[in-house]
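Enquirer: Sequence:
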Amino acid sequence: MALYYVGDDRLAAIAAFAHVGAGLLATGVFAWHWVRGRASATRDRKH
Numbered sequence: 064m065a066l067y068y069v070g071d072d073r074l075a076a077i078a079a080f081a082h083v084g085a086g087l088l089a090t091g092v093f094a095w096h097w098v099r100g101r102a103s104a105t106r107d108r109k110h
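Reminder that position 10 of the sequence shown reads as 73 in the numbering used here, one-by-one numbering, no gaps.
None of these hints come from the bench; they were simulated from the model.
Treat each hint with caution, since some may be false.
Ranges of calculated distance between the beta carbons of each label pair, as one might list FRET restraints [unchecked claim]:
(1) Arg108 / Ala78: 39 to 47 Å
(2) Asp107 / Asp72: 26 to 34 Å
(3) Ala78 / Arg99: 26 to 34 Å
(4) Val83 / Asp107: 31 to 39 Å
(5) Ala94 / Gly70: 30 to 38 Å
(6) Asp107 / Gly70: 43 to 51 Å
(7) Thr105 / Ile77: 38 to 46 Å
C-beta: ideal position from N, C-alpha, C; glycine also.
Given the sequences, and given the hints that come with them, work out the whole structure.
Expert: As structure tokens, then:
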């Protein structure tokens with residue numbers, strides 16, 4: 064939020080792009096972690 068007051072439009076656009084990218088990356092990492100965890104729990108339950 065401070066970038067909108069301190070930085071210029073280009074810096075705000077870069078920060079917004081980085082924020083969206085980080086959010087998409089975090090979503091992908093979470094999905095991978097969730098799928099692996101469920102597969103591990105299912106595998107452990109069968110043994």
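Enquirer: Does each hint fit the structure? Answer for all of them.
Expert: Hints versus structure:
no.: 1; hint: Arg108 / Ala78: 39 to 47 Å; result: 44 Å, holds
no.: 2; hint: Asp107 / Asp72: 26 to 34 Å; result: 52 Å, violated
no.: 3; hint: Ala78 / Arg99: 26 to 34 Å; result: 31 Å, holds
no.: 4; hint: Val83 / Asp107: 31 to 39 Å; result: 36 Å, holds
no.: 5; hint: Ala94 / Gly70: 30 to 38 Å; result: 32 Å, holds
no.: 6; hint: Asp107 / Gly70: 43 to 51 Å; result: 49 Å, holds
no.: 7; hint: Thr105 / Ile77: 38 to 46 Å; result: 42 Å, holds
Consistency note: the structure conflicts with earlier hint 2 alone.
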